[in-house]
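Participant: Given the structure of chain Z, go ahead and fit chain P onto it with the hints provided.
Quick note, the sequences are listed as chains Z and P, same order. If you read the first sequence in this note's numbering, its first letter stands for residue 1, the second for the next number, and so on. If you read the second sequence in this note's numbering, its first letter stands for residue 1, the second for the next number, and so on.
Careful, some of the hints might be misleading.
[What the hints assert, rightly or not] Cut-off 27 angstroms, straight-line C-alpha distance, at most; resulting in silico cross-link-like pairs (BS3-like, lysine-lysine):
| # | chain 1 | residue 1 | chain 2 | residue 2 |
| --- | --- | --- | --- | --- |
| 1 | P | 437 | Z | 5 |
| 2 | P | 112 | Z | 5 |
| 3 | Z | 301 | Z | 161 |
| 4 | P | 14 | P | 108 |
| 5 | Z | 161 | P | 14 |
| 6 | P | 582 | Z | 5 |
| 7 | P | 328 | P | 279 |
| 8 | Z | 70 | Z | 5 |
| 9 | Z | 15 | P | 532 |
| 10 | P | 532 | Z | 5 |
| 11 | P | 376 | P | 360 |
| 12 | P | 376 | P | 502 |
| 13 | P | 192 | Z | 5 |
| 14 | P | 360 | P | 112 |
| 15 | P | 532 | Z | 17 |
| 16 | P | 242 | P | 192 |
| 17 | P | 502 | Z | 160 |
| 18 | P | 437 | P | 582 |
| 19 | Z | 158 | P | 328 |
| 20 | P | 502 | Z | 146 |
[Said to hold, decoys possible] Which residues of chain Z face chain P? A few of them, derived with a C-beta cut under 10 angstroms, are:
| # | residue |
| --- | --- |
| 21 | 12 |
| 22 | 81 |
| 23 | 82 |
| 24 | 230 |
Because the hints were derived from the structure by calculation, they are not lab data. Ideal Cβ placement from N, Cα and C applies to all residues, glycine included.
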Amino acid sequence: MSFYKPTFRHPESPKNKLGLTTRAYEGPISTLCAGCGHDSISAAIVQAVWDLGIAPHRVAKLSGIGCSSKSPSYFLSKASGFNSVHGRMPAVMTGANVANGELHYIGISGDGDTASIGMGQFAHVIRRNLNMMYLVENNGCYGLTKGQDSATADEGSKSKKGAINPFEAIDLVALSLDLGATFVARSFSGDKEQLIPLIKAAISHKGFALIDVISPCVTFNNHQGSTKSYDYTREHAQAASVVDFVPTMQEITLEQVKGSTREVELHNGDSVQLRKLSDDYDPTDRKVAVNAVMNQKAEGKLLTGLIYINPEADDFHQMLNVSDKPLNQHDQQTLCPGASALQEINQGFR
Amino acid sequence: MKATDISDPEYFHKVVDCQYACPAHTPVPEYIRLIGQRRYSDAYMVNWESNVFPGVLGRTCDRPCEPACRRGRIEEQPVAICRLKRVAADHKDDANVASRMPVIPTQKNGRKIALVGAGPASLTVARDLMPLGYTIDLYDENAKGGGFMRSQIPAFRLPEEILDEEVNYVTDMGVSTIYNHYVDSMNGLLAKDYDAVFVGTGAPRGRDLQIPGRDQAKANIHIGIDWLESVAFEHTDRIGKKVVIIGGGNTAMDCCRTAMRIGGEQVTVTVRSTYEAMKASPWEKEDTLGEGIPILPNHSPREFIVDDGKLVAMTFDVVESSYDEHGKRTIRETGDIITIECTDVIIAIGQDNAFPWIEKDAGIEFGEWDMPVVNKQTFQTTNEKVFIGGDAAFGPENIITAVAHGHQAAISIDLYLSGKSVSQQRPPAGINLASTKMGIHEWAYDSEVIEDERQQSTHVPVEKALQDRKIESELGFDIETAFTEAERCLNCDIQTVFIEAKCIECDGCTDICPTNCITFTANDEEASLRQKLSAPALNLTQDLYISQDLPTGRIMVKDEDLCLHCGLCAERCPTSAWDMQKYLYTVTKAGDRPAPLLVEQSGSGDKQSDKAA
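Chain Z extracted, bound-state conformation:
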């Protein structure tokens, strides 16, 4: 078995605006099961961050516990990282984010880490619109403990051993829309053409960006009767829109404006081009988005793509008026102004 990936790369590998090839964004070889959807997602993140031209060390990747939460080990070796307690990634993420708002924050979680043990933290980080990408590697089962149904397993889906799941699934997309998330998307690990632009848009979005990625567990949840398998997802995915991520400086080509498109500008001047598949879909209208999710679900379809975006909302930094300058760049006097400053604050509340 190879635990080592040769360092030779294609000599014509393209370079991004920093002059780096994707090799600078890779991680060590994955120890997840061969064929795991999570590895495809890692590769998509590598491609997206490379495409955006973000220096790898300007990214912080945080996770909880589970197969999903192992995966940050396998991309962006040069990024900062924190593997936190089960379901507690949002809390650690909030602290890191407040301390240094200049980094790009990638949170990787799974269906157990988010929809079960981490549900409380998940709900609150959405409310706070923390500036991060929250990517759920959703395989509908507990792969690390032999494939028991998770909270996102669909009602009626069959486990590998044949048991039918009697419980209603938590739909993370519908839930986040309800909780006020400002960027909500769903995708599939086996569809990088859709996933990579979504990750780029999510990283560029100011505020909380959820991507719920169906990521089949090849070992425990890729059989007949599963609703999170490669085959089932391919058959039932219904794209709300085709997303192209357009960086600030790039001219929109004819190809991209062809058809029914809508441009959504992001806070940093980048934009998202949406080629809509139906005319009545407006991804900036939350009510429309909620309806679309529900309607597709009623038809047994899985709505994918960029489902909702609100680029105007204030993020957590703005709401709390936190220092723009990272705390590690302030001098001692500013960070610890002393007893008199504390007294002054306390005085203000009297």
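Facilitator: Below, chain P alone, put in the same frame as chain Z:
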């Protein structure tokens, strides 16, 4: 694009770049792996089956395989294939090899063949036909076999005992050697009771240079190949102190280095072309410079200067080479003239074929440039009993090409004498494609790609090497260096075989591939497909491996160009849609049977490796 037909033997053969480039199609990765396993005798036998002279070729081959080596495309230097071949020859167990020589039938088949010229082509024909029961007479004008391997390759590059050993493996099969006998008449030969005649007489006539002063200075002007032969057979044992060599091929390199060893003190090589455009192999040029011999490019010979009936100098026009957009060269004189003092000049500017002994009424048609008409596939002439191969067939090439000709000519002779069509009934290549899977993520080959750079073989110190023309100047690899170098081989014969029906399109292989070889995409024309892969497939000499349509309507496209054969795609594949399968391609020999497919089956094992184990 249409899906690739991997059942076509040539498809995977082409992926094994080194073997494909080799005229004799020696299974290079196969023997390199055996060297890595310290099975030198086995490695030697794989070579011997294919190229007959591993020890000779391991020192002197023109190495068409090395520029083709995939390693040279992913880093700077290819695998030192030639020197590894020498390792197999240097470290083999002689008794083991001797015990594995083919059994020669005592009951002959009643057919008698004459081979003219005991060079590599004729010896290969003898090697292939003796085990089939043919009776063979081998003619040569010299006292020993070997042809130009003996007469033109200096002993400091190819020690005599190495050559003797490999010539003897063939002649000891019971070939009747008629040495010291110059065949002066084809009709005379045909009048004897031979059923077929093979001509492997090489390209024996060195070109001359007719410029002013040539005749007056003739006592000190030598033709390169004749002079080398004269030194090899010890008719010449010294040369003047100041020697000028004219020519930029490997013969010129051999001449100057020989001159340094038998009295030359100021030896200079002059070439009309640029240094880069010289015909000599890069390593021969390096060895020449390493012995302190200057190579002067852009020198076009003008005149031999004779004083008092004796050669004293040569003059040269300094020229410039320029190339047009089609790569066509124009040489222009700059007007400068340079004089180089010299006592002797050796002219090594090429050689021609010559068949003064083949009568015009021998039934052999002669074509352009007075060369016999030879069929490029069968090596048969217009006289169906006469076959010509090696340099004699199409002009000067090299040893490995002569061997390849010999194999094909032997097949033709055997078909011809069995009453079969020499063109229609040629046997196909032997192929074998077998999985190397040993377990989950376990392969029967060392799949890890190591990052060592090309190893350099050591040389005898120049001062010592120049003392005696029989001291071999290059020492080859020791066992440890050989192992390191063998591990650099990428095992390009372990093929990535894709089984569409098993693929679930999870992208695992695309994500893991270090060199972005694999893409899943919509089908298209080749030109546009090459542009839209994970990394553009710009090397048009390398094929794209195209799958059948997959369930999502896409196809799998693999650019063979930079595949490291590391097996990671197969290890990442959850359904074993990728498999690493060893492909062994063997050129069929005379007798309508492929060469042994697996060396493991043909021998009793290697005594040295037994000891090591």
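Participant: Any hints from earlier that this structure breaks? Give me their numbers in increasing order, please.
Facilitator: 2, 4, 5, 12, 13, 16, 19, 22 and 23
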